[in-house]
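Novice: For the protein sequence lines, the chains are X and W, in the order given. Per our numbering, the first sequence starts with residue -18, numbered consecutively. Per our numbering, the second sequence starts with residue -18, numbered consecutively.
Nothing false has been slipped in among the hints.
One copy or two, it doesn't matter: identical chains are merged, so the pair holds either way.
Keeping only pairs whose Cα atoms sit at most 20 Å apart, straight-line, the calculated SDA-like set for lysine to any residue is:
1) Lys17 x Glu66
2) Lys(-5) x Gln122
3) Lys333 x Asn343
4) Lys173 x Glu145
5) Lys318 x Phe40
6) Lys(-5) x Arg175
Everything labelled a hint here was simulated from the structure, so no lab data went into it. Quick caveat, the model's predicted, so the values are computed rather than measured.
There are 2 protein chains.
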Amino acid sequence: MVNKVADEPQLLSKKAGCNTHGQDSSYFLGWEEYEKNPYHPTTNPGGIIQMGLAEQLSFDLVEEWLEKNPDALGLRRGAASVFRELALFQDYHGLPAFKNALARFMSEQRDFRVAFDPSNIVLTAGATSANEALMFCLADQGDAFLIPTPYYPGCDLKWRTGAEIVPVHCTSANGFRVTRSALDDAYRRAQKRRLRVKGVLITNPSNPLGTAVPRADLEMIVDFVAAKGIHLVSDEIYSGTAFSEPGFVSVLEVLAARAPLAADYTLDDRVHVVYSLSKDLGLPGFRVGAIYSSNPAVVSAATKMSSFGLVSSQTQYLLAALLGDKDFTRRYLAENKRRIKERHDQLVDGLKEIGIACLESNAGLFCWVNMSHLMHARSFEGEMTLWKKVVFDVGLNISPGSSCHCSEPGWFRVCFANMSAKTLDVAMQRLREFVQTCSFKAAPAALRRAAGPARSMSCPLAMNMKWALRLTPGFADRKAER
Amino acid sequence: MVNKVADEPQLLSKKAGCNTHGQDSSYFLGWEEYEKNPYHPTTNPGGIIQMGLAEQLSFDLVEEWLEKNPDALGLRRGAASVFRELALFQDYHGLPAFKNALARFMSEQRDFRVAFDPSNIVLTAGATSANEALMFCLADQGDAFLIPTPYYPGCDLKWRTGAEIVPVHCTSANGFRVTRSALDDAYRRAQKRRLRVKGVLITNPSNPLGTAVPRADLEMIVDFVAAKGIHLVSDEIYSGTAFSEPGFVSVLEVLAARAPLAADYTLDDRVHVVYSLSKDLGLPGFRVGAIYSSNPAVVSAATKMSSFGLVSSQTQYLLAALLGDKDFTRRYLAENKRRIKERHDQLVDGLKEIGIACLESNAGLFCWVNMSHLMHARSFEGEMTLWKKVVFDVGLNISPGSSCHCSEPGWFRVCFANMSAKTLDVAMQRLREFVQTCSFKAAPAALRRAAGPARSMSCPLAMNMKWALRLTPGFADRKAER
Chain X
-18 MVNKVADEPQ LLSKKAGCNT HGQDSSYFLG WEEYEKNPYH PTTNPGGIIQ MGLAEQLSFD
42 LVEEWLEKNP DALGLRRGAA SVFRELALFQ DYHGLPAFKN ALARFMSEQR DFRVAFDPSN
102 IVLTAGATSA NEALMFCLAD QGDAFLIPTP YYPGCDLKWR TGAEIVPVHC TSANGFRVTR
162 SALDDAYRRA QKRRLRVKGV LITNPSNPLG TAVPRADLEM IVDFVAAKGI HLVSDEIYSG
222 TAFSEPGFVS VLEVLAARAP LAADYTLDDR VHVVYSLSKD LGLPGFRVGA IYSSNPAVVS
282 AATKMSSFGL VSSQTQYLLA ALLGDKDFTR RYLAENKRRI KERHDQLVDG LKEIGIACLE
342 SNAGLFCWVN MSHLMHARSF EGEMTLWKKV VFDVGLNISP GSSCHCSEPG WFRVCFANMS
402 AKTLDVAMQR LREFVQTCSF KAAPAALRRA AGPARSMSCP LAMNMKWALR LTPGFADRKA
462 ER
Chain W
-18 MVNKVADEPQ LLSKKAGCNT HGQDSSYFLG WEEYEKNPYH PTTNPGGIIQ MGLAEQLSFD
42 LVEEWLEKNP DALGLRRGAA SVFRELALFQ DYHGLPAFKN ALARFMSEQR DFRVAFDPSN
102 IVLTAGATSA NEALMFCLAD QGDAFLIPTP YYPGCDLKWR TGAEIVPVHC TSANGFRVTR
162 SALDDAYRRA QKRRLRVKGV LITNPSNPLG TAVPRADLEM IVDFVAAKGI HLVSDEIYSG
222 TAFSEPGFVS VLEVLAARAP LAADYTLDDR VHVVYSLSKD LGLPGFRVGA IYSSNPAVVS
282 AATKMSSFGL VSSQTQYLLA ALLGDKDFTR RYLAENKRRI KERHDQLVDG LKEIGIACLE
342 SNAGLFCWVN MSHLMHARSF EGEMTLWKKV VFDVGLNISP GSSCHCSEPG WFRVCFANMS
402 AKTLDVAMQR LREFVQTCSF KAAPAALRRA AGPARSMSCP LAMNMKWALR LTPGFADRKA
462 ER
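Isolated chain X, as found in the complex (with noise of 0.2 Å):
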């Protein structure tokens, strides 16, 4: 029997014909956007400014704490090369070295509150490989996951896996701070849609909120999960980002302070944590991540998982010298909550200003803005509406909170770490004269006329600028976690 060929020519599976990792949202639109236009101070003044990266300001101190240490990059050990040993090395645990480095890391980021076994850790090619592999080990196809609302678009956790996202829709009226009747709510959803609900998955601190979860909601979500006796995983890639209190408390601390009940019952066995170095240490490049579990059936079978995308051992080998070194650790991650508590409050300020609202936020390398008032209509049209306004005539690119699954038009996730101060001016600047036209055209028409012609914001971006008819769409395969 030969396979119909022509009515299928490439045979393939259901997965490669169904594109939807990443979604292809408007989060990676805004980008190619900015990719044909980018903005320099000199050269492209008129370009788009990127907003939509979650970068961080500190590569100064990594670079300098490499120039005094050339033997982590050179991979020698005193007079010695270590490039053969690196360059053989596979064992799927990693290197001892760099393991009990990142587990002190971990620890430190959580100001020693906690601490990490080294052989809990399971050491993966970047947080979203940590987040993919963890969906592996705990739900089959058609299990779901409770995920609350706004979240990071970027990592596609059904695609390969088949299990189910459920959101837990979050709002305004509380700061977006998750419920107990939010979560039942997405559970009972769940249980209608015939789903079995094996966990629920929180970005703590939040990604796009920019806010730690408070200790009292991860002491009810981890009430809830275990009274329904499922797991929790708690992905906390941007601990190291809490800049004012109150800080950042993560999800183990909460559990080793909890006085054990019945229904807790295995509950160490089902809270699990997913860490990377791309976002506290701005490394997205060097793709490392990790999964910290007390179970061991899941350390077993993600370091298992993990043949399917480990760290380079040469990265392994460089990192396990940069964070083994105390004094640098300690100062940086001083010196950067400082910059970045300085840049968020720039932007608050610069956006206060000019009449637009933040989320108030305590951690991130971004705000959430409120822009729902300079919407036309209020719905998800009119959010679209207003981003495409946004990137194409104000020249920035931000995130539309519909890419974030935000189930409340109008907000918006805007970076600012990846950017001089200046530019961050030069994009409050913008954004002044873009509210100064919308409050203008909202106002009666006889006050226009006795202020004279409208100005037109885009004119002068036009210039440098590639109009885009139509936001192609593809472009969401080429870009890892922002």
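Model the placement of chain W on the given structure of chain X, informed by the hints.
Specialist: Quick look at chain W alone, frame taken from chain X:
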């Protein structure tokens, strides 16, 4: 509704519960014994010699290059640091300089008879990841791939993809070459199991056979997949090890030379190559694999999947410089092949002297060795008994054919490139003594008495060995490709 906590305390996925990855096979179990008691010429001369590891011979050439090119490791471009650029680099398509150099190197491996288009390359964190991503792209749960035996057992393609592997049984009668009737037979068996056959996966040059697939066989296999309208995946990670004529022929050469038939409709879209730098360049620790495909849908889907296992940008930068040096790659490939042939001949000649034959081979870092005459019984139990003797008594960690799904007992994969010529001599000497003991024991009792008491092979070694009563399972989760 609460999940039944007491019944299923861990509530894991079926995958996590079924840890078949790498199959905890003797392939890996021998490793564990080796690690307990590794041979060293002076400090542990009675230890186990590792002959289960397909490593390269020419690290010194790479090391020499690194010393002459410190900028590649130092992340510098002349006076400028490229650290920041690389730290932030996260384009799924990889560093253009690296992909260009890799495409050229892959072409050079094939003596420039095939050109590779860098835009058809998808980078993955090792060949394991490349093979699994292709499987995700081409097969749905319950679809099948046909794989000629014996084959490398390290990469579990079924575990997460759900694809079934149907063996194509090859035998010593024709030197383990794939035949059309063996393919037809496997296809029929798959159909009987109601599996939809999506393709054939070959490893060329073969691991564990050490043979490059002859052009005529490739043509026959291409005919088969053309006629059936299915895919062909050719894992060519050992292409640079083919050390004597007739050399390695890539399936892409066969495809290019083919006069298209009606059945070849979309054939170009259904042939995919896997490559990696783990074997040809001896860098398994750096985790660099690749998929090469002319099928845009496969390239697109696999690129998106690569977000679950990207190659470190630090490593891409280093290798762009290394592979971009044409003088280096030319010298490396030629000298490395010369060394492999020398070591191969040493093993083959040594074995011949003691009456052990190998499959005639022209590639790879191992030989496929026939020890069936040393078995007490011509069965897989006999093979296992002999293997345990070779590991525990003789002190050589070789891989039994059964661990490579060989359908005939008595064959073993013996690696020769991960040790010095002197250590290989020691291994040969041990094997010689063992074979003499076997022959002696096999001789009539009268003859044995006349020769005095039989020499015990195990005594001198046992002193340095921790005797394991049972091969501990669970080792398969520790090691990457061998």
